[in-house]
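Fit chain B to the given chain A structure using the hints.
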Amino acid sequence: DQQVKQNSPSLSVQEGRISILNCDYTNSMFDYFLWYKKYPAEGPTFLISISSIKDKNEDGRFTVFLNKSAKHLSLHIVPSQPGDSAVYFCAASASGNTGKLIFGQGTTLQVKP
Amino acid sequence: SQTIHQWPATLVQPVGSPLSLECTVEGTSNPNLYWYRQAAGRGLQLLFYSVGIGQISSEVPQNLSASRPQDRQFILSSKKLLLSDSGFYLCAWSIGSARGQETQYFGPGTRLLVL
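Residue numbers (my numbering), protein chains in the order written: chain A, 25 to 137; chain B, 3 to 117.
For the record, the hints were derived by calculation from the structure and aren't laboratory data. Idealized CB from N, CA, C, for every residue including glycine. Keep in mind that the hints are not guaranteed to be accurate.
Covered stretches of chain B (chain A as the covering partner; in silico rule of three or more C-beta atoms under 8 Å from a C-beta of chain A) [said to hold, decoys possible]:
| id | region |
| --- | --- |
| 1 | 64 to 75 |
| 2 | 85 to 99 |
Here are some of the chain B residues that sit facing chain A, going by a computed Cβ distance under 8 Å [stated by the list, open to error]:
| id | residue |
| --- | --- |
| 3 | Thr-5 |
| 4 | Trp-9 |
| 5 | Asn-34 |
| 6 | Gly-45 |
| 7 | Leu-48 |
| 8 | Lys-82 |
Label-pair distances were calculated between CB atoms; the ranges are [to be verified]:
| id | chain 1 | residue 1 | chain 2 | residue 2 | range |
| --- | --- | --- | --- | --- | --- |
| 9 | A | Asp-83 | B | Arg-44 | 38 to 48 Å |
| 10 | B | Leu-115 | A | Asp-79 | 36 to 46 Å |
| 11 | A | His-100 | B | Gly-54 | 13 to 23 Å |
One chain only, chain A, in its complex shape (with noise of 0.2 Å):
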């Protein structure tokens, strides 16, 4: 049972225009939402994060957006760069579950020059 799901698994965007990367969990016990940016043969990074006492969360050019009722999370990024270009996965947690993080299977965004 996949309860974190990234259901688009690749996106293309121009230079400049924004990236929306989306994840979709089942789990209403997940209270807390990363995301992480990877590159090849390297580790993740992470990128932000958000509760869920939250609907938003912002820092620099990557917004997170959270819909409970949805049970839908988004990462923006605006303006897109080329270094941008990774694999993005969300993560999900739940409180009381010692920190363990559920991992969707990720998204490859390519930003084009």
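Chain B alone, transformed into the frame defined by chain A:
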């Protein structure tokens, strides 16, 4: 600042051989530690996690094991590797919180190829 190390970076092993991957964290005390595996084209699968020395929880039954002999050292082992053990192994750490809303930070990973 905190740093996480993994070695080796790349490993090619024959089927049936043993395995030992090491992960160490610097700059923090009593971290939660995690081992993940990423198979080709897949997401990250949690294998083991540890909240303290000698405390290991397994998420997926398999021929791998983990140990935490010291506070900031986490080891992934196998007595006999299978072809299906090939993948990218990642170690991660976090600071435990009562609320459980922890951010995990990952090491550089070890690419394992079993032939």
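Would you pick out the hints that fail for this structure and give their numbers low to high?
1, 3, 4, 8, 9, 11
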